[in-house]
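From first to last, the protein sequence lines are chains Y and C.
Position 73 (the first sequence) corresponds to 73 in this note's numbering; numbering is contiguous.
Position 301 (the second sequence) corresponds to 301 in this note's numbering; numbering is contiguous.
In short, the hints are calculated from the structure, not lab data.
Heads up, some of the hints might be wrong.
To be verified - Cβ-to-Cβ under 7 Å is the rule here; a few derived chain Y residues that face chain C:
1. Pro33
2. Thr61
3. Leu97
4. Arg109
Stated by the list, open to error - Capping the alpha-carbon separation at 16 Å, the derived lysine to aspartate or glutamate pairs in EDC-like fashion look like this:
5. Y:Lys43 / C:Glu45
6. Y:Lys95 / C:Glu45
7. C:Lys73 / Y:Glu38
8. Y:Lys116 / C:Glu58
Quick caveat: nothing in here was measured; it's all calculated off a predicted structure.
C-beta atoms are modelled at their ideal positions from N, C-alpha and C, and glycine is treated no differently.
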Amino acid sequence: MNHNPQSSDGKHDDDSALSDFLGSLMDYTPTIPDELVEHYLAKSGFQCPDVRLIRLVAVATQKFVAEVASDALQHCKARQAAVVKDKRDKQQKDKRLILTMDDLSKSLREYGVNVKHQEYFADSPSTGMDPASRDE
Amino acid sequence: MNDGGLHNRKEQEKSQKQSKPSKFRSKSDDFALAIAKVAIAQVCESVGFQGSQHSALETLSDIIVRYIYSVGKTANFNANLAGRAEANVFDVIQGLEELGSGLGFAGGSDFDRCVANSVIARDIIHFIGDADDIPFAYDVPRFPLVKEWKEMESLWGKGEQPPGEHIPSWLPAFPDPDTYAARLSVGNETNSISSGEKTELARVERKMERSLLNLQQRFARNGNEGGSSNYGGYAGRARVASESNPYLAAPLHFGEKEVEVSPVVLPAKLSNEVALRNPVPENCDMGNRVSVLETFAPAIEGMTSGLCDLDNGQKKVVYNQSVHFKIGIGKKSFGTAPYFNSQNEDLEKIASWFRNDNEKDDKKRKAEKILKESIESSQKPTQL
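Build the full structure now, drawing on both the sequences and the hints.
As C-alpha cells, then:
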C-alpha cells in the first residue's frame with residue numbers, strides 16, 4: 001500500500017517526539033511531589049514502575065490546578081474591577097487577591113465540577129423567617 | 001402520620017450516608033491531604049493569589065486528589081482493556097484526554113487521531129516551558145511506610161523444637177516460661193523472713209517483668225507488620241505517638257530547622273519525674289530497654305505495681321489480638337496471686353506487707369504510667 005511507509009515514518013516521528021517529551025519531563029520538577037501522586041495512583045490501582053509516568057501525571061495535575069486557579073483569579077480581578085468603578089478608595093484596600101469559595105465554584109463549574117458552598121448555617125429550619133409565617 | 005415517618009427515615013438515611021467518610025476524607029488519608037494542600041497553595045501562589053480561604057483550599061485540594069485518582073483509574077482501565085497489567089504512556093494520555101474531554105481539546109473530534117501526537121501532550125510541553133520550576137516546600141518521605149516483618153525471630157522453625165507433636169513449627173514460638181508458668185518455687189524459698197529473702201523476691205519479680213517487657217515488645221513489633229501505614233495504623237498508640245510524631249507535626253516555616261525531639265526530650269522527662277517521686281539514680285541510657293526497667297525497679301520493688309504491669313501487659317496483648325494470656329493474677333488483692341496461695345503463715349505476713357501499701361496507690365499508679373509511657377516512646381525509634 002502506498003501510504004504505509006509514510007505512516008510508519010509519521011509514527012517514528014511521533015514516537016521520538018513522545019520519548020523526547022518524556023525526557024524533558026524529568027528535567028522539570030513539578031510542585032506536586034511524586035510521593036503524593038504515587039500514593040493516589042497506587043490507591044486507584046495504577047501500576048507502573050516508570051517514574052516518568054508519575055511525573056507526567058504530576059505535571060498534568062499541576063497544569064489543571066494552574067488553569068483552575070487562573071480562572072478563579074480572573075473572576076477575582078473582575079469582581080475587584082467592578083467594585084472599583086463605584087469607589088476609588090477601595091482599590092488601595094482590596095489589593096490582596098484571595099481565593100474564595102465563590103470564585104472557585106464559578107471557575108470549577110466550567111470544568112464540570114459542581115461545588116456548592118453553604119452561605120450560612122442555621123440552627124433550625126425556621127431561623128430567619130418572619131414571625132408570622134414561623135407559626136405555621 | 002405515615003408520610004411523616006417516611007420522611008424522617010429518608011432524612012436519616014441521607015444523613016447517615018453523608019456522615020460516612022469517603023475514601024478521601026478518612027483519617028488514614030490526613031497526611032496525604034495535608035501535603036496536597038501545601039502543594040496546591042504553592043501553585044495558587046505562583047498563579048498570583050496572595051491568600052485563600054481555608055474552605056476554598058480544602059475543596060480545591062480534595063478535587064485535585066480526586067483528579068489524580070481518576071487519572072490513575074482511567075489509565076489502569078485502559079491498560080486492562082489492552083490486556084496488560086501495567087499501564088504505559090499511551091494509557092495515561094488517553095486517560096488525560098478523557099478527563100479533558102468535557103472542556104474539549106483541539107482534534108478531539110478526529111476519528112483517526114493518534115495518541116502519540118495528542119494535543120494534550122503538546123499542551124503539557126508548553127506548560128512546562130512556560131511555568132517556573134517551583135519545588136515542593138517540604139521533604140516528603142515515602143509513604144505509607146512498609147515495615148519489614150522479622151519473621152525468623154518468632155517461629156519455631158528457627159532451630160527450636162516445638163514442645164509436643166501437636167504444635168506445628170510454623171506457629172510463633174512461646175514466650176519465656178516466666179510469663180505464663182506459675183512460680184510455685186517462690187513459696188518454697190521464703191521459709192524464714194530476712195532481707196536476703198526480700199531481695200530474692202525482688203529479683204524474681206524483675207526477671208518476670210523483663211520477660212513480660214520482651215513479650216510486649218515482640219507483640220508490638222509483629223503486630224504492626226504487613227505494610228501497615230505508620231501514621232494511621234494503630235489507634236491505641238497513635239494517641240501517644242501523635243504528640244511526638246514528626247510527620248504529624250505542623251509544617252515548619254521558612255528558615256526553621258527540624259529538631260530531634262524524641263531521643264532528647266524523653267530522658268529529661270523521665271529523670272525529672274522520677275527524681276520527683278523517688279530518689280533514683282538517673283538512667284539516661286534510652287537505647288537499653290532493660291535499663292529503663294532497672295530505673296524503676298526500686299520504685300516498683302515491694303509494690304504490687306510489678307504485678308499490675310502484668311495486667312497492663314495483658315491488656316496490650318488483648319489489644320493486639322494475637323495471643324490471649326490468662327495470667328490469673330488479680331489487680332486488687334494480692335491474696336489471689338499464685339505466689340501466695342500457700343498456707344504458710346510466713347507468706348501471709350509478706351502478703352500483708354504488700355497489702356498495706358494501699359496508701360502508696362497513687363505513687364504506684366504514677367510509676368506504672370511513667371513506665372508505660374517510657375516503653376511506648378522508647379519503642380518509637382524502632383517504628384520510625
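To see whether the hints hold, each was checked on the structure:
1. Pro33: holds (4 Å)
2. Thr61: Because about 6 Å separates threonine 61 of chain Y from the closest Cβ in chain C, which is inside the 7 Å limit, the hint holds.
3. Leu97: Interface hint status for leucine 97 of chain Y: holds (5 Å vs cutoff 7 Å).
4. Arg109: Violated, about 11 Å.
5. Y:Lys43 / C:Glu45: violated (28 Å)
6. Y:Lys95 / C:Glu45: Cα-Cα ~15 Å, so holds.
7. C:Lys73 / Y:Glu38: holds (13 Å)
8. Y:Lys116 / C:Glu58: holds (14 Å)
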